[in-house]
Amino acid sequence: MNLQTTVSPPFPRRAMPDSCHFDLLDVSALQDPCSGRIVHLYSMVARCLSCEVIFKAQEGAGFVSTSAARVLRCPTGCGQQSLKAATLRQWTPEAA
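Numbering (the numbering used here), first residue to last: 693 to 788.
Everything labelled a hint here was simulated from the structure, so no lab data went into it.
Some hints here could point you the wrong way.
Stated by the list, open to error - Label-pair ranges, simulated between beta-carbon atoms:
#1 GLY769 x PRO725: 17 to 23 Å
#2 CYS726 x PRO767: 19 to 25 Å
#3 GLU751 x ASP724: 17 to 23 Å
#4 GLN723 x CYS770: 28 to 34 Å
#5 CYS726 x CYS770: 37 to 43 Å
#6 ARG781 x HIS713: 15 to 21 Å
Note that the Cβ used here is the ideal one computed from N, Cα and C, for glycine as well.
With the hints as constraints, model all of the structure from the sequences given.
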């Protein structure tokens, strides 16, 4: 009798569903001038629409990069939102 159980590998992981939404106030990124592709995302400044906190997120401290998107997380713990590369490429600051 084989008592060995099979454990499915942790990958591929699905991103958690969006549980919060944010207004992007600033995006700091290195972009390819020809294609507009984001080569490196330095930081984002965002406002959480749930708790109204404004925060600066950097890789590993507020957002994480996945193969499909950047996952932005509220520092108060109220939620997260996946942001696709196209959303970040097309972001422009709102006129004051």
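Status of each hint after checking the structure:
The hinted range of 17 to 23 Å is not satisfied by GLY769 and PRO725, whose Cβ atoms lie roughly 38 Å apart. Here the CB-CB span from CYS726 to PRO767 is close to 35 Å, at odds with the stated 19 to 25 Å. Restraint check, GLU751 to ASP724: a C-beta distance of roughly 19 Å satisfies the suggested window 17 to 23 Å. The hinted range of 28 to 34 Å is satisfied by GLN723 and CYS770, whose Cβ atoms lie roughly 30 Å apart.
A hinted range of 37 to 43 Å holds for the C-beta pair CYS726 and CYS770, which are about 39 Å apart. For ARG781 and HIS713, the Cβ-Cβ distance of about 19 Å falls inside the hinted range of 15 to 21 Å, so the restraint holds.
Checked against the numbered hints listed earlier, the structure breaks hints 1, 2; every other hint is satisfied.
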